[in-house]
Amino acid sequence: MTVRRFTILVLAVAVGLAAAVSPFASSSPDGLQRVAADNGFLARGHLGPVQGDAPAKGYEAPGIGDARIATGIAGFAGTLLVFALAGGAGTLVRRRGGVG
Amino acid sequence: MHIPDGFLDPGVAAVAGVVSAGAVAYGLRHAEASLDDRSVPLLGVTGAFIFAAQMLTFPVAGGTSGHLLGAALAAVLLGPWLACLVLAVVLTAQAFVFADGGITALGANVLNMGVIGALLVGGLMLGARHVLPDRRDVFLAIVAAGAWLAVMAGALAASVELALSGIPLGTVLPPMLGVHALIGVGEAVVSVAAVSAVLSGRADLVAAVRGTRLAARA
Chain A
1 MTVRRFTILV LAVAVGLAAA VSPFASSSPD GLQRVAADNG FLARGHLGPV
51 QGDAPAKGYE APGIGDARIA TGIAGFAGTL LVFALAGGAG TLVRRRGGVG
Chain B
1001 MHIPDGFLDP GVAAVAGVVS AGAVAYGLRH AEASLDDRSV PLLGVTGAFI
1051 FAAQMLTFPV AGGTSGHLLG AALAAVLLGP WLACLVLAVV LTAQAFVFAD
1101 GGITALGANV LNMGVIGALL VGGLMLGARH VLPDRRDVFL AIVAAGAWLA
1151 VMAGALAASV ELALSGIPLG TVLPPMLGVH ALIGVGEAVV SVAAVSAVLS
1201 GRADLVAAVR GTRLAARA
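Chains A and B are the protein sequences, given in the same order. Residues 1 to 100 in the numbering used here are what the first sequence lists, from first letter to last. Residues 1001 to 1218 in the numbering used here are what the second sequence lists, from first letter to last.
Honestly, the hints are just simulated from the structure, not real lab data. All C-beta atoms, glycine included, are put in the ideal place defined by N, C-alpha and C. Incorrect hints may have been included.
[To be verified] Now the stretches of chain A that chain B is said to cover, found in silico as 3 or more residues with beta-carbon under 8 Å: (1) 19 to 32; (2) 52 to 60.
[Stated by the list, open to error] Here's a subset of chain B near chain A, in silico, CB distances under 7 Å, partners left out: (3) Asp1005; (4) Ser1065; (5) Phe1098; (6) Ile1103.
The shape of chain A in the complex, shown without the other chains (with noise of 0.2 Å):
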């Protein structure tokens, strides 16, 4: 398998779980949420700045009724997005090395 073949291969199967399976994820309070909430500390949390204004919060694209849906839509755009990122810092910095 060239590197080429298996990157779109892992990308497609990255793709494919964010989109279409974490719609049907727990939507229980993970392990951290829990202890705040058991010990009385949950509602020292706050959104930070420029959070307000975050495109997708909650990991739901905006304006789209159902959750669902909001939510594969944002999986699918985040997972390229990050792709994107951490490809893009990758060439950056192998630019500025000077390698290859």
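Guided by the hints, dock chain B onto chain A, whose structure is given.
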């Protein structure tokens, strides 16, 4: 385990931020020297897979859920320093785009869910190369143990940061370790499955086995 803003005292968040920034900066330096043509797409897909897997929250016990953190997986596939870089990218995107994990707490989250696990598993992999045979099952067992330990170490670090921010350690540490002992099992299962799949497809792309017989078998 994403800490929102407000949980940590500003001083604690700042110190964690400095430590994380140092690790990521070192990761960038390391990347300058070690990245080749094929590692750029690998960096991208590892980040993409971890982001996607983090959305797949699974129920653990009593109305609580967990998800992959990914630092162990990234450290096995890319090495510890590139893993720090990838987790920093994932967690930054989550904070700014999805409002998951705070902005001032970002450094603490990168430390707990990235740097600590990545360095721990990186060290474990380095040690394992010297003392164990190049056996796939043994290697995967070490990956599983490393993944579980990375989650526990992250939970410990988060608990200490919360304790330094005024929540008694005796209150936060036992339940944090208890629930993450279960979440860590999920981390181990997903990490082993993913590493196993890459070993079967392109073993030479797994940084932790480079130069061993496991890589040559591909």
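ask   = Minimum Cβ distance from serine 1065/B to chain A below 7 Å?
value = Where the cut-off is 7 Å and the nearest Cβ of chain A is about 4 Å from serine 1065/B, the hint holds.
key: Interface hint for isoleucine 1103/B, Cβ within 7 Å of any Cβ on chain A   = holds (3 Å)
key: Coverage assertion for the segment 19 to 32 of chain A with respect to chain B, Cβ distance below 8 Å, three residues required   = holds (count 10)
inquiry  = Closer than 8 Å Cβ to Cβ for three or more residues is the test here. Does the segment 52 to 60 of chain A pass it with chain B?
reply    = n = 6 at 8 Å, threshold three: holds.
query = Given phenylalanine 1098/B was flagged as interface, is its beta-carbon under 7 Å from a beta-carbon of chain A?
reply = holds (5 Å)
ask   = Is the shortest C-beta separation between aspartate 1005/B and chain A less than 7 Å?
value = holds (4 Å)
Of the numbered hints stated above, none is contradicted by the structure.
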